[in-house]
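Visitor: Protein sequences, first through last, are from chains G and U.
Each residue of the first sequence is one higher than the one before, starting from 100 at the first, in the numbering used here.
Each residue of the second sequence is one higher than the one before, starting from 89 at the first, in the numbering used here.
Just so you know, the hints here were simulated from the structure itself, not pulled from any lab data.
As the structure is a computational prediction, the values presented were derived from the model and not from experiment.
There's no promise every hint is true.
[As the list claims (entries may be wrong)] Simulated DEER-style distance windows between Cβ atoms:
| id | chain 1 | residue 1 | chain 2 | residue 2 | range |
| --- | --- | --- | --- | --- | --- |
| 1 | G | Ala469 | U | Ser240 | 27 to 35 Å |
| 2 | U | Val104 | G | Glu491 | 37 to 45 Å |
| 3 | G | Lys149 | U | Glu201 | 41 to 49 Å |
| 4 | G | Met194 | U | Ile204 | 21 to 29 Å |
| 5 | U | Lys300 | G | Ala535 | 26 to 34 Å |
| 6 | G | Glu124 | U | Thr322 | 31 to 39 Å |
[To be verified] Which chain U residues stay away from chain G? Per the calculated CB distances, all over 12 Å, these:
| id | residue |
| --- | --- |
| 7 | Ala100 |
| 8 | Gly141 |
| 9 | Ser221 |
| 10 | Trp226 |
| 11 | Thr322 |
Note that the Cβ used here is the ideal one computed from N, Cα and C, for glycine as well.
What follows is each chain in one-letter form.
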Amino acid sequence: MSNKTFRGGVHPEGYKEISKTQPVEVFLPKGDMVYPLNQHIGKPAKPVVKKGDKVLAGQLIAEADGFVSANIVSSCSGTVKAIEERYVASGAKAMSIVIENDGEFTLAPGIGEERDPEGLSNEEILDAIQMAGIVGMGGAGFPARVKLAPKDPDSIEYIIANGSECEPYITCDDQLMQKEAHAIVGAIKLLMQLFPNAVGVVAIEDNKPDAIATMQGVCNNEKGISVLPVKAKYPEGGERSLIGVVTGRQLRFGQLPAELGCVVCNVSTLNAIYRAACKNEPLMERLFTVSGDAVANPRTMSVKIGTSCAELLEAAGGIKSGCEAVKVLSGGPMMGIAMPSLDVPVCKNNNAMTVMSKDEVALAEKKMTACIRCGRCGHVCPLGLVPQMMAEAAERGDYERYEKKLYGLDCIACGTCTYICPAKRPLMQLFKQTKAAIMAAKRR
Amino acid sequence: MLSFMPIIIATASVAVIGLLIGLLLIVVGNKFKVEVDERVAAVRECLPGNNCGGCGFAGCDALAEAIAAGKAPVNACPVGGAPVGEKVGRIMGVSAEEKERLIAFVRCSGDCETVIRKSNYVGIKDCASAVGSGLNPWGCDHGCLGLGTCASVCPFGAIKVDKGVAHVDRDKCMACGKCVAACPKHLIELVPESAQYAVQCASRDRGPAVKKVCSAGCIGCKLCTKQCEFEAITVENNIAHIDYSKCTGCGKCAEKCPAKIIRSKAERM
């Protein structure tokens, strides 16, 4: 029998092998480090350092401002050069702390102290997560402290470690599971302490046999933690799809995973949680894939948060000779957003950078025709939305219908409809824009 | 034998009922008569009928009613301008105040030749979409995106995008203000027709940053403020602005402007 999966979805070419073969190396940046204050969902953090201050690696430089917010920790030692607006990957400018890196990476006192995971109380675990400034590292950037404090911890029945990594080109979670399997399982055990009635499930797409084998090897001795290979299909890693696959429960629109007794965490987040709780190590680095058909030496590296993307591209061998880079994406080709410049920092929730030698969107735009109402978009939508009707309502400006009748605000912008559309219509782009317009009107 | 009586009775009774109802309607109609201001129809006749909404009312009918009710000035229609104001004034029996015609003005002149391009923009050809996506193909964060949202909302076809920047046709513009509301960069303002000089830049960046990306940008050097004898020009947030009520149109500021972005009427075309 084939592995479990969800309804809908598409099968884009994976291109994972090109960055998977290289071993993971630690990359130490030389240039200035930039820490945007809004690397998470919620209120931007408040800086606690000022220009000219000396900081050490692991030192708190900005603290959470309010409940839904997260701390930011310096990942290098050096001097605070400025607190100013800098470009981030989305092309917008964001208030950022800029640190002149001294290249020493001197750790602040106390970082790296081993702690016994058995002896930690629930409060200690949550405090460690809060202090470390951990956010959802799969992409959303939701503060982990908030996610792990649902109203009723006893109602949580599933802790789902999301290692499906369905986005093409990206291999950082795959490599992380092979490298840090013990840490990931350790973190699941910590979460099982927070949620006493829960079982742990590590969901991995079946195109990563090495990661499945490694995780299975570690999980075999653990009670209540299992590995679930799931079918390789995009977007298997979407929270809604994955909950359906693992538990058989379908999240209704507007429902949160906790209401169905689920907590879904990316494996990178779990790794960070383990290191924060058991090694007293705040979120300073993450695995990051630099890949794409225009990169000379595609690879996954362990990078310090705040490193400039330009340095990372250089570390990956730069642009392939005889190749012209046309488009740089923050993330993968399905959900990634085009970067206007390489001079932007890696944030906590950025997992990859993809450099392409041709711009598929621009090519598709030339071939765009009117909608032929074939209904394929509705067929592949993992949420069961009807993109064709949503696009019609959005183009007409009928936001009422878009929101209330077609549930357009629940679109996760996975791009599946746009991928499959034979008329090459920019559906996902339109939905993203419409969603932003509706949200802006609501705030007003 | 056939009897015609039932038919005659039925016809007669219907006729009598009809007559009674008719009389009743006349009486009621007189009693509950609604006074219609015939000036509304007359004023409506004078208005251009574009229903552009530039006056702030929901179309020409609504404006005609507001004028007749005295809730709007007789020259409230920005499209019709002075001639329509005068006509409406005659109907209403008041003289229209002299109101100057306004013209939309794009506070940016950065085109393909003057501004550097950072990246290509691929996607929905709409300025609001581009701003929403966070991508800006131009080096300058404040300037015109050139995707033509203003041109698409203009009911008079007065705006066209040339070489990546919007231009307003001074003759066609009726100052309805739709483009002003549509521009996500807030670059368009309504300027009096007689205004001789205007600053064609909106960059709030500092001088060196502007120079790096655009050769037609205000660098906030304040040379113009020193030239002006009438205190009509001020520099705030690194951008010069002319107070059109004080400006006499001497042109000294434009002469001195190192970036040549203070432009005369003719140059603004």
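Visitor: It remains to establish, for every hint, whether it holds in the given structure.
Guide: Hint-by-hint comparison with the structure:
no. : hint                               : in the structure
1   : G:Ala469 with U:Ser240: 27 to 35 Å : 19 Å, violated
2   : U:Val104 with G:Glu491: 37 to 45 Å : 58 Å, violated
3   : G:Lys149 with U:Glu201: 41 to 49 Å : 42 Å, holds
4   : G:Met194 with U:Ile204: 21 to 29 Å : 25 Å, holds
5   : U:Lys300 with G:Ala535: 26 to 34 Å : 30 Å, holds
6   : G:Glu124 with U:Thr322: 31 to 39 Å : 56 Å, violated
7   : Ala100                             : 57 Å, holds
8   : Gly141                             : 16 Å, holds
9   : Ser221                             : 7 Å, violated
10  : Trp226                             : 10 Å, violated
11  : Thr322                             : 25 Å, holds
In the structure shown, a violation is registered for the earlier hints numbered 1, 2, 6, 9, 10, in ascending order.
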